[in-house]
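> Each chain, written out:
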Amino acid sequence: MTIGVDVRAPPSLLPLDLDRVEFAAGSRRIIQGLSVTLDAGPRSVILGPNGAGKSVLLRLCHGLLEPTAGTIAWNSPELPGGARRQAMVFQRPVLLRRTVLGNVMYALKLARVPRGEREERAREALRKVGLDAQADHAARVLSGGEQQRLALARVWALRPEVLFLDEPTASLDTGATHEIEKVILALHAAGTKIVMVTHNLGQAHRLGDEILFLHQGRLVERAPADRFLKHPASLEAASFLEGELPW
Amino acid sequence: MDPVAEAGTQALALVVTADPKLVGIVLLSLRISLAAVVFGCLIGLPLGAAIAVNEFRGRRAVIVILNGLMGLPSVVVGLVVYLLLSRAGPLGALGILFTPTAMVIAQTILITPTIAALSRQIVADAWQEYREQLRSLGETRLGAATTLLWDLRFSLVTIVLAGFGRAASEVGAVMIVGGNIDGVTRVMTTTIALETSKGDLPLALGLGIILLSIVLALNAGAYVVKETAQRRYG
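For the record, the sequence lines run as chains V and U.
1 is the number of the first residue of the first sequence in the working numbering; add one for each residue after it.
1 is the number of the first residue of the second sequence in the working numbering; add one for each residue after it.
Derived from the structure by calculation, the hints contain no laboratory data.
Incorrect hints may appear among the rest.
Pulled a few chain V residues facing chain U out of the computed Cβ check, cut under 10 Å [claimed, not checked]:
id, residue
1, Gly-63
2, Leu-64
3, Phe-90
4, Val-94
5, Leu-110
6, Ala-111
7, Arg-112
8, Phe-164
Residues from chain U that keep clear of chain V, each with C-beta distances beyond 10 Å, as calculated [said to hold, decoys possible]:
id, residue
9, Pro-46
10, Asn-180
11, Leu-194
12, Ser-213
Keep in mind that this is a model prediction, so the values were computed, not measured.
Beta carbons: idealized from backbone N, C-alpha and C, even for Gly.
Based on the provided sequences and hints, a complete structural model is requested.
In structure tokens:
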């Protein structure tokens, strides 16, 4: 009997387990005793007021920062020096002075994708975000929305198991935001776990299956998006939702 | 006719008729300074980028020293290279003192700190912006240094030219290690110095005009390259 599973495929990265994680910059404690488990599947949206530690939490999970205490453990960690299996999209994408295609190919090179496969994979990713016609344009002269879509194509080509997004639409207009949200939903449909920070409650509603609410470096509440947005359980979340404008 | 005006006219005639002696001196100068720039870039650009993206003990001291070496007096470089290459010196056996090779070595030593210090500054500024993104994509520090050098290529052109300008216009180092031998190691700057003291103003002035034109033309070229590239690549 044959089983349709590649036995050489490494076990899933997820769940990601954070255990009493602390992060301090100087004397400022940014993340305090945060424990949470992120499972494969639902789109997790992190909400919270400014300075709650949302972006730092993403960077800790992604590995850009080291916790000052506590542990962050993947189910099956990435191999040191190996290709990355999780990716991140930043608020302002940093693109290289190369073509649109060249930017995606660069990421594939770092991911150790064989040279012969890179271009096809890069073009496929560009098609998915609707940038295939601009493949040979210079990346840095694209509009803000296009640059962010290119950043998404760059991570899509890597086929990550987990994608962290740090306010990816914060500096974009509604049209561009809508395009980005479509791509994020498509990435999720293709099997990537989404963990996203946003300030935009409408976006949290549209994209979030569950909400993680951070306040002063602590995880105050975790709930399905619908319930959280309508009936927050904590006082902090209630006053946050009251203060935030719903778009 | 006023002697300066007369010298000027004769100088222009030398330039316009492409006087063979003058052409020989110009070509030798260009060969030596271009070689020095190539070696200076091969050492200085990776060095500057490596210092920019790495954290290590004594990094600040290295940066201060490197910046200080930008003001390295060319006669001191000439003297040190002279001592190294002179017959009694540690590299005397090579027998390259008073050859163009010695001049290339001296000019390389002179401009490498400039290229390294200026490229470090440019790469360090960009590293602030690129750092998280490159690390996120799994780039190593060595890889980041090369990626940044390539990404900043249009800004670095200016540095390369600054290096060339310094090499082509210095006189102290090449005078000492080259010896200003007619037809062998005589370059534009040493000829200007010599001919001026001899009172042969037309040749000195003609070379001065050419030297100035080359430096101006290169800088104009660099400016155009940078502007065009910035518009095209952002």
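> So, against the hints stated earlier in the document, which numbers end up violated here?
none
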